[in-house]
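Trainee: Since the structure of chain A is already known, use the hints to place chain B on it.
For the record, the sequence lines run as chains A and B. If you're matching positions, the first sequence starts at 1 in UniProt numbering and goes up one per residue. If you're matching positions, the second sequence starts at 1 in UniProt numbering and goes up one per residue.
Honestly, the hints are just simulated from the structure, not real lab data. Glycine included, C-beta positions come from ideal geometry on N, C-alpha and C. It is possible that some hints are incorrect.
As the list claims (entries may be wrong) - The following label-pair restraints were derived from C-beta to C-beta distances: (1) 197(B) to 250(A): 18 to 26 Å; (2) 103(B) to 69(A): 29 to 37 Å; (3) 289(B) to 198(A): 32 to 40 Å; (4) 158(A) to 294(B): 39 to 47 Å; (5) 38(B) to 194(A): 48 to 56 Å; (6) 22(A) to 223(B): 52 to 60 Å; (7) 126(A) to 159(B): 40 to 48 Å; (8) 68(A) to 204(B): 44 to 52 Å; (9) 196(B) to 24(A): 17 to 25 Å; (10) 121(A) to 51(B): 31 to 39 Å; (11) 73(A) to 289(B): 51 to 59 Å; (12) 66(A) to 74(B): 37 to 45 Å; (13) 38(B) to 121(A): 17 to 25 Å; (14) 204(B) to 24(A): 17 to 25 Å.
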Amino acid sequence: MTAIATRTPASLPRNRDIADMHYLASRIMLYLLAFTAVSVIGFPLFWMLICSFKPGGELYAVPPTFLPNEWTLQNYRDLFVQTNFLTYFANSLIVAFGATFLSLVVGGLGAYSLSRFRFFGIAAFSNATLVCYMLPEVLIVLPLYIYVVKLGMADTLISLIIANTAFTLPLALWFMRSYFNAIPISLEESAMIDGCTRLGAMMRVTVPLALPGIISVGVFSFNHAWNEFLFALVFVSSETNKTLPLGLATWIGQDNIYSWGMLLAGAVLVTVPVILFYLLVQRKLVVGLADGGAKGE
Amino acid sequence: MADNRAALAGDRLLAYAALAPSAFLLLLLAGVPTITVFVTAMQDVGMGDTDGPFIGFENFAWVFAEPAFYTALWNTFVWVFGSVALEMLLGLGLALLLNKSFAFRGAARAIVLAPYLVPTVVAVLTWRYMLHDIVGVVNAALMSIGITDQPLLWLNSQGLAMTSVIMVGVWKFFPFVVIAILGILQSIPQEQYEAAKIDGASDFQQFWRITLPYVMPVFLLTALLRTIWSFNKFEIIYLMTGGGPLDATTTLPILVYLKAFSDFEFGRAAAIAIVTLAILCVLLAIYFFFIKRAEARQ
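In isolation and in its complexed conformation, chain A is listed as follows (with noise of 0.2 Å):
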């Protein structure tokens, strides 16, 4: 060992110089390639929150300012008073909630029964709420507009919350399934020795426990309903029951009539509480969505 180092003293530095060297190019390397996925990923949002805040005349200019020259909340406040934005939104809260705690309850409850039970046909029952995540929402809401027209739904948000849980529902029951299973039964039993009885044991320990799952699945739901755009674009018609995607829709299509400054005022607060229900769950929406990443969208 120490014949070898005294031997080649001048050689290492050098060697190690052009490691450096070597390193500090991939570095550089790593960071401009991630600058640039960056920037160009991110610049449409960025895009979408500063024109928001441009007043009309930027908003049409040719060629477009980068950063507004004069700041302005003008395109918020025509959103509101001009349009019927906070109806949507209330309309878009309801179903998403709606839709969100009926799947939570139901599919929690089938969850519950698939992941604690064994029975005739519970592969064939998992495998088929897998199909119906995938089936083609164009192909479910032609026979659900049937249905609704004949029911005299039409045009109810009752009606696109139920719809909604054709999507929210097999998504509930494939991941609280899979939160149950890693909670060991012994919790349960230790319960019912106690004294409590088997929903007792269920709504004591096992939902407890299976808290942080239940909220990803609930973002899940929310987000999926908050999004969802086929069902209300043909079950609703009247302006006071529209949600928030089929509202800005219906104002994209009059790009001359409505000002891009108030569709992109709206487009930002519709994101706001995605982005918020995100920061939420940061951690378990990334871990969730890696796991389920073969079960839902």
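Mentor: Structure of chain B alone, referenced to chain A:
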């Protein structure tokens, strides 16, 4: 997990009662509707009606003789293949990039994943403003660096509309691929890379011999999932172009919608939906085959 079930397997009634509401809702919202679509596809449903006389397979005969169907089939193929190929490529590249450690990596990850979380209508709105012929920033940028001196009609020309829709779809949905692949990259044992480095393997060799074999099963499964979802996609195309100009971006789901709710021909729309479902079933069969094989391996 098996123990979880065996221990309390006696309580059959509760098991069925707890599952019943889910089963009922799924039957009501997916099972029965699928049957209804079959029935409707056999009926001659007139303007504004939801029922009509039975005419057997006439609607299907109409579908296979209809040029619009073949155009939609081709458009669907272009849309699915174009978006999935680009999403997978971009997703893999960015997952590898975001797996390296650098300053502000958390922020970079959040920004890259953001398009996936943003509502579709928001994505569409923003891109339609950016791609606007006259006031759009994309044309302004292209013209200022001299790539084109005429504004490009991104959404209003038959040649470019599909490209634009694919571009926006890729931007919106590729983060799903990043999430899936990033998950598997983080699970590769680091000792393997250290051992390879000691043996003198180059970066490329490490990627080819260690990373790729680990990533491949997830990569294929994700590609299949993206294929199925892109195949079903309706709202992003409908909101970007409404299927137009003319029929340049009319995919099968768009055609079903237009037939049903614009032409009010429910029977024919249902027949197209059934054909669409048949194609989807092939994709689903491949998907389940892969899942089963992956499970068998574990």
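Trainee: Now look at each hint and say whether the structure bears it out.
Mentor: Here is what the structure says about each hint:
A C-beta distance of roughly 59 Å is found between residue 197(B) and residue 250(A), which places it outside the suggested range of 18 to 26 Å. Take residue 103(B) and residue 69(A): their Cβ atoms lie about 33 Å apart, and the range 29 to 37 Å holds. In this structure, residue 289(B) and residue 198(A) meet the distance hint of 32 to 40 Å, their C-beta atoms being roughly 38 Å apart. Between residue 158(A) and residue 294(B) the beta carbons are some 40 Å apart, a value that agrees with the proposed interval 39 to 47 Å.
In this structure the supplied range 48 to 56 Å holds for residue 38(B) paired with residue 194(A), their Cβ-Cβ distance being about 53 Å. Between residue 22(A) and residue 223(B) the C-beta distance comes to about 34 Å, which lies outside the given range of 52 to 60 Å. At roughly 46 Å, the beta-carbon separation of residue 126(A) and residue 159(B) lies within the given 40 to 48 Å, and the hint holds. A beta carbon spacing of about 46 Å between residue 68(A) and residue 204(B) agrees with the range 44 to 52 Å that was offered as a hint.
Between residue 196(B) and residue 24(A) the beta carbon distance is about 23 Å. The supplied range of 17 to 25 Å therefore holds. For residue 121(A) paired with residue 51(B), a C-beta distance near 33 Å keeps the hint of 31 to 39 Å intact. Roughly 55 Å separates the CB atoms of residue 73(A) and residue 289(B), a value that falls within the hinted 51 to 59 Å. Restraint check, residue 66(A) to residue 74(B): a C-beta distance of roughly 40 Å satisfies the suggested window 37 to 45 Å.
Take residue 38(B) and residue 121(A): their Cβ atoms lie about 23 Å apart, and the range 17 to 25 Å holds. For residue 204(B) and residue 24(A), the hinted distance range of 17 to 25 Å is satisfied, since their beta carbons lie about 20 Å from each other.
The structure does not agree with the numbered hints 1, 6 stated previously, though it agrees with the rest.
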